[in-house]
Amino acid sequence: MTTKTKQRINRILLWVLIIFMAIWMLFPFYWAINSSFKSEGMLAMTPTTFVPRDPVTRDISFFLRNYQAVFTNQAFLRAIVNSVIVATSVTLLSLAVGSFAGFALGKLRYRGKTATLYVILAMTMFPAIAVLTGLYAIITNLGIPPIASMIITYMLFTLPFTAWVLTAFFRELPTEIFQSAQVDGASPFQTFYMIMLPLTAPAMVTTGLLAFIGAWNEYLFALTFTSIAPDARTLPVIIANFPSQFSMQIPFGEIMAAGIVSSIPLIALVFIFQRRIVAGLTAGAVKG
Amino acid sequence: MAKEGSSDLAKREQRLAYWLLAPTFLILLVIAIYPLFSVFYNSFTNSVFASTAPTEFVGLQNYRGLLSMTIRQVPPRLDESGQPIVDPATGAVQYESAVTVLPREPVRFRPVTQFSLFGTQFVLGATDPNFIRAVWDTIVFAVATVFLELVLGMIVALIVNANFKGRGLMRAIILIPWAIPTAVSSQMWAYMLQPNRTGFFNTVFWYLGLGNGEIPFLSDPAWQLPSMIMIDVWKTTPFMALLLLAGLQLIPADIYEAADVDGAGPVRSFFQLTLPLLKGTIAVALVFRTLDALRVFDLFQIVLGQARYSMASFTYYQLIQNRAMGYSSASSVIIFVVLSVFAVAYMRSLGVKSDDH
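Protein sequence lines correspond, in order, to chains A and B.
Heads up, the first sequence is in numbering that gives the first Met the number 0, so the first residue is 0 and it goes up one at a time.
Heads up, the second sequence is in numbering that gives the first Met the number 0, so the first residue is 0 and it goes up one at a time.
Hints listed in this document are in silico derivations from the structure and should not be mistaken for laboratory results.
Please note that a few of the clues may not be correct.
[Said to hold, decoys possible] Each computed DSSO-like pair below joins lysine-lysine, with the alpha-carbon atoms no more than 30 Å apart:
no. : chain 1 : residue 1 : chain 2 : residue 2
1   : B       : K10       : A       : K112
2   : B       : K278      : A       : K112
3   : A       : K3        : B       : K164
4   : B       : K164      : A       : K5
Assemble the whole structure, with the sequences as input and the hints as a guide.
Right, here's the structure in full:
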C-alpha cells in the first residue's frame, strides 16, 4: 500500500467517525423537533414515524399547535421570565463578588493565601444536596421569597467557580502592570478597578457564560424552593412537570416544543461563544 | 513586589486582600457552612419539617435506620420427607421467603437482594432497603458512566483534535448536549424510551427484530440503570472530551513527528505516547466526573421519580414528600462524607499553586 492510499483510507475513517459522532450528539434533538411537530394522534402512531406524518394519509404534515400552546401557556411564559431574572442576577452578583476574590487570590500578597485557595477549590465541589435541608429550613424560617432564595443559593455553585477561574486569569496578568500603577501612586484598589478589571473582560465573559448556563439549568434548588410557590418556578421545573392546558395524558408534543424553546438561548450561546466556553470549562477543572 | 522597606504598602495590600475576600467568604458562610452545620446537627434529631411536635435529640438513630444491614442464610423449602423442593422445570432449588428469616424485633429488616454463595442462599436485609439500594445504584451508575465517558470522550477528543474542515462547527456541536438543561434532555430521552412502538428505541429494535416492540426501558428494574447510564453518557461525554482535549493540546506536535519517523503506527503512538502523557489530565477528569456522577439528581428525579432513587433523589424525597428532616439530614451527611473522600483525592491530584512564580 502506498502512503497516499493509506492517507486516503485514514481520511475516510476519520470522516466516518465524525459523522457517527455528529449523529449521536444531534439525533435526540432531531427526535425532539420531530415530536414537537406531531399532534397527539401522530405521537400515538405505531411504529413511530421519523418525520411528522398524517395518521390517515401518511403524508408529511407539520402540526404547529404545540408551539402555539406553549406560547400561550401562562406557566411556561412566567417560567421564562423567572429563569431570565434568576440566571441574570446570579451571574452579575457572582461576577461582582467573584472578581474581588479572584483579584485578591491571583495578585495580592497576604497571610493565609494557600488556605483560602484551598477553601475556594473545595467549595467548587461542594455538593448542593448536602445542605438542601439546612437551606430550606433557613429560607422558610426567614420567609425569604422563592426567587430571592434561588438567586442567593445558586451562588453556592457559581461563586466559588467564578472566583476560582478568575483567580487563574488574574494570575496570568503580568505583575509589572500592577507594580507600575502602584509606583505611579495608584492605590491597590484603584489598580484593580481601573487597570486590572478591564484587562480581564474576556475572562469575565467566559465565567459569566458558565455561571449563566449553570443557573439557567439548575433543578434541585428550584424544585425544592418553589414546591409551594408555582408562580416562581423556573424553566427546568416547568419542563420536568409540564402543566398542559389541553392534554389529559403526558403532553409530550408540548413538552418537546417547550424544551426546544428553552434550549435555543443556550444553543445560540454555544455557537457564538464556543471558544470562550471551552476555555472556561477547562480552566475551571484543570488549571491549578 | 517592591521590597524597599515598604512594609506599609505590604500591610495596605494585605488589608485590601482581606476586604476583597470578605464578601465571598461571608456568602459562603451563610449558604454553605452554616447550613452544613445545621444539617449535621439535625441528623441527630427526629426533626420533622413544618411540624409543631417538639424536636428531640435521638443520637445515632437516623444513621442506624439508614445503614443497618444484616446477612441471613435462606433455608431451602422442604417437603414432608425433609428433602429440598426442586422446581421440576428448571432444576432450581426452592427457597423460603426471605422475609421470614430477617429479624423483625426491635426494628424490622426488609430484603435488599439475594445471592448465592457456595450453594447456599443468602439474603441481604436492611432497615431501609431504599437507601441501601440508592447508594448501590448510585455507585454502579457512577462507575459505569465515568468509565464509558472516559473511553468515548477520548475518542471524541482525538477526533476534534484532528485537522479537518468544519472542526470548529464540530466542537460547537459536541457542546450542545452539555449545555442544554438536564430537565430538557431527560424528557427528550424519556420520550425516546417509551415502552411501546411510539418510542424511538422500541421502534428501531422492533425493525431490527430485537424484542417485541414493548420493552419497558424505564419501568423494568433490569433496564432502568442501563437507560440512565446511556442518557448520562450522551450528556456528559462532551464535557469529558473537552477536558481531555485541553490535555491533548498541551502535547507538543514534534513528539509525534519523531515517532512517525521511527515508524510507529497511530495505534502504537497513542498507547505509548499520548496515553502516558495524558495521565495527569485523565486522573483529574476521572475524579472530577466521579464526584459529579455520585451526586446525580436531575436525571433520576425526572425520569424515574420514586421508582428508583439515586442518593440525592432519596434525600430530596425524604425531605419534601416525607418531611423527615432529621432522617434526610442524616442521609445528606452520609453523601457529604462519601463525596469529601473524592474531593480530597481531586485536590491532591490537582494541587494548589499559592504564589505567582
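Right, here's what the structure says about each hint:
1. B:K10 / A:K112: holds, 14 Å
2. B:K278 / A:K112: Within the cut-off at roughly 29 Å; holds.
3. A:K3 / B:K164: Judged against 30 Å, a Cα distance of about 19 Å means the pair holds.
4. B:K164 / A:K5: holds, 19 Å
The structure shown violates none of the earlier numbered hints.
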